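Colleague: Start from the sequences and build out the full structure, keeping to the hints where you can.
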Amino acid sequence: MTGRPAAADVERIFREEYGRAVAVLIRAFGDIDLAEDAVQDAFTVALARWPATGVPPGPAGWIITTARNRAIDRLRREATRGERHAEAIRLLSRDEAPEEDAVGDDRLRLIFTCCHPALVGPAQVALTLRLLGGLTTAEIARAFLVAEPTLAQRLVRAKAKIRDAAIPYRVPDAGELPQRLRAVLAVVYLIFNEGYSASGGDRLVREDLCAEAIRLARMLAELMPGDPEAKGLLALLLLSDSRRAARVDGAGDIVPLAEQDRALWDQDLIAEGQALMRQCLRINRPGPYQIQAAIQAVHADARTYAGTDWAQILQLYDQLLMVAPGPFVALNRAVALAEVRGPLPALQEVERLHLPQYHLYHAIRADLLRRLGRIDEAVAACDAAIATAGNAAERRFLERRRQELRS
Amino acid sequence: MKHYLLSIYQPDGTPPPPEFLDPIMQKVNALMDEMKGAGAWVFGGGLFGPETATVVRATGNDVLMTDGPYIEGKEHVGGFTVVRAPDLDAALGWARKFAMIIAPLAIEVRPFQHGDGMES
Chain X
9 MTGRPAAADV ERIFREEYGR AVAVLIRAFG DIDLAEDAVQ DAFTVALARW
59 PATGVPPGPA GWIITTARNR AIDRLRREAT RGERHAEAIR LLSRDEAPEE
109 DAVGDDRLRL IFTCCHPALV GPAQVALTLR LLGGLTTAEI ARAFLVAEPT
159 LAQRLVRAKA KIRDAAIPYR VPDAGELPQR LRAVLAVVYL IFNEGYSASG
209 GDRLVREDLC AEAIRLARML AELMPGDPEA KGLLALLLLS DSRRAARVDG
259 AGDIVPLAEQ DRALWDQDLI AEGQALMRQC LRINRPGPYQ IQAAIQAVHA
309 DARTYAGTDW AQILQLYDQL LMVAPGPFVA LNRAVALAEV RGPLPALQEV
359 ERLHLPQYHL YHAIRADLLR RLGRIDEAVA ACDAAIATAG NAAERRFLER
409 RRQELRS
Chain U
151 MKHYLLSIYQ PDGTPPPPEF LDPIMQKVNA LMDEMKGAGA WVFGGGLFGP
201 ETATVVRATG NDVLMTDGPY IEGKEHVGGF TVVRAPDLDA ALGWARKFAM
251 IIAPLAIEVR PFQHGDGMES
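Protein chains in written order, with this note's numbering: chain X, 9 to 415; chain U, 151 to 270.
Hints listed in this document are in silico derivations from the structure and should not be mistaken for laboratory results.
Some hints here could point you the wrong way.
[As the list claims (entries may be wrong)] Counterexamples of contact, computed for chain X against chain U with all Cβ distances above 10 angstroms: (1) V63; (2) A146; (3) L265; (4) L277; (5) A279; (6) E357; (7) V387.
[Unchecked claim] DSSO-like cross-link-like pairs, simulated, lysine-lysine; straight-line CA separation at most 30 angstroms: (8) U:K247 - X:K169; (9) X:K169 - U:K152; (10) X:K167 - U:K152; (11) X:K167 - U:K177; (12) X:K169 - U:K224; (13) U:K247 - X:K167.
Since this is a predicted model, take the numbers as computed values, not measurements.
Glycine included, each C-beta is placed from N, C-alpha and C at the ideal position.
Modeller: Right, here's the structure in full:
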């Protein structure tokens, strides 16, 4: 440590430690707003002090202790009601440094609270990003293309419901855990997907959301080491993210998988994802995220697009359809089917689906029609894809494809 | 401990015949006994239909009474149970058992503003 940290260091520590600190404070005080305010206060103090004093050893512990003292100060100041004052005094007499295990458990408790089924999906996502990721209301609103007051209201309402309905701050017991964990993993996956293929805006990828989702997935995989789906999700995100540099060219245009420069794929992320997959195989309880990760691992193994083991990918999609049936899986399966058995059977599969609002449905149909020489229909499908595409990069890509069809 | 209101919503119209309802009511009564045994049951019961409701509303010094339910809809609250529970998950646990018995009827779970003592 140099002893003269820039604001960027505090920012980095904020990203890494915010969720941890908030989780500990919520357990100590049972009040989300108080915990958030106190942790933010502590980081404000750090930003003012650390450039002069240097980052203390164990910055996380420093932040938690400072935040706890701030919270107690605040409770004392606001202690118009006797019980709150008594609470502050009681907490003051507690020992200071929290144990690492307990801290890990706190973050796990918090994410189960944020993703409680009694909260509506968008509120689960917003709360998770806010409380565990430390994203501001403005950042979350921007990421999900909602007006900031709308998002702020969503957060206020969700926090009030947690308090008023007494949504517990607890890791669910074994009977409920599988179902509840699925909801948590779904929220993390949704955050990643919004980052990986933005549903609106100019750019295809929002790196900040991808990074946050990976951070959360890593936390879940660490805190629930016995659960193969938590590992599978982390592997899926790492393997998908490994292609990030190759997915977009210098102009911000999309480069499809077939044309990507595979030398740009991040081999460290691939290696980590594949190591996780090996752990999953040893546990031998496959689930949707593990199977999707296995599909990405097959892509990662291929040196060229032509060298991809499409038969294995098709087999994995068949398996995925069994455990997680749905039109989106069937659509992706059709892409693999086209590579194994040709475009006609794939087109027949695609046309059995009904996804008129989904641009990739039209884009995949357009590509299959092109390969069958049915150019007029391909152009019409391409037009439908352009009309439903969410972000500008995807629209540009599809417009280019449409021009190529006519040339 | 908190208190939660479990409201059972059912469609308007003629209720199902006794040969259908009786076995269900037996299970409901068994669940109420289980709640009482666990110290969770506070109060509750089934209600007569919405056509038996009277709405009272004061405007200025006048009190107006109208025959019928406050809100006319396709469904109404057919009964309710108030449970005492440490948190929402515990209340949802009772609601889940209840819902399994009376499927496909829905149960709405709402927290009371005050816990034990039920002060104002």
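Colleague: The structure should be examined with respect to each hint, and the outcome stated for every one.
Modeller: We went through each hint and held it up to the structure:
no. : hint            : in the structure
1   : V63             : 38 angstroms, holds
2   : A146            : 30 angstroms, holds
3   : L265            : 43 angstroms, holds
4   : L277            : 37 angstroms, holds
5   : A279            : 40 angstroms, holds
6   : E357            : 34 angstroms, holds
7   : V387            : 47 angstroms, holds
8   : U:K247 - X:K169 : 23 angstroms, holds
9   : X:K169 - U:K152 : 14 angstroms, holds
10  : X:K167 - U:K152 : 17 angstroms, holds
11  : X:K167 - U:K177 : 36 angstroms, violated
12  : X:K169 - U:K224 : 28 angstroms, holds
13  : U:K247 - X:K167 : 27 angstroms, holds
The structure fails to meet hint 11 from the earlier list, while all remaining hints are met.
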